[in-house]
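Below are the chains, spelled out letter by letter.
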Amino acid sequence: EDQVTQSPEALRLQEGESSSLNCSYTVSGLRGLFWYRQDPGKGPEFLFTLYSAGEEKEKERLKATLTKKESFLHITAPKPEDSATYLCAVLRIDYKLSFGAGTTVTVRA
Amino acid sequence: DTAVSQTPKYLVTQMGNDKSIKCEQNLGHDTMYWYKQDSKKFLKIMFSYNNKELIINETVPNRFSPKSPDKAHLNLHINSLELGDSAVYFCASSHRDGRYEQYFGPGTRLTVT
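So the protein lines, in turn, are chains E and B.
Just so we're aligned: the first sequence equals residues 1 to 109 in my numbering.
Just so we're aligned: the second sequence equals residues 1001 to 1113 in my numbering.
Keep in mind the hints are simulated off the structure, nothing from the lab.
None of the hints are false.
Mimicking PhoX-like on lysine-lysine, the simulated pairs with C-alpha atoms at most 20 Å apart in a straight line are:
hint : chain 1 : residue 1 : chain 2 : residue 2
1    : B       : Lys1044   : E       : Lys42
2    : E       : Lys42     : B       : Lys1036
3    : B       : Lys1067   : B       : Lys1019
A quick note: this is a predicted structure, and the numbers were derived from the prediction, not measured.
Use the sequences and the hints to build the structure in full.
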């Protein structure tokens, strides 16, 4: 059965303190891995798609990387507005998207 | 210029009632989805339609019935609501091939009393 495990569950950072979030996965046939950001009371907002091991994507202070077993979301010099829950999801060959439980990031000024 | 919209945003109803949630997307996508996010914030797929055809149907009580009148709309009808149906329901859409990222609506918070 597919498994998507995110760690840590929660992360408290000081503004400017860089850190990484982990998403480890086991899936039978991977089409792609996605990262989303979810703010309280809102729908998930698409951030990145990664398709193959070694691929990297960047957007502002965020950088996502992918290996054959896990993905990392690096947050460089975070600001309070980066506070959110970050969700990892894997898309199987049959188009089913399975989400991890998320990492809640809080950035203090 | 809303991409994926859902109505209503909040829905409070009593056990045993029947209710519907509507979803519309203006992104030109051919595939739409319904997800349920429970109190632990875990997102789980319920249904998916591609060009009005049901392609994903997870283990969901048959009280839940999706209907897709066209590629841009996917509605969710729930019969005989139960307390355990309380959750936030999200609609999403994507292309089926090429670019797979799914875009989500704002969610409908359903509370069954």
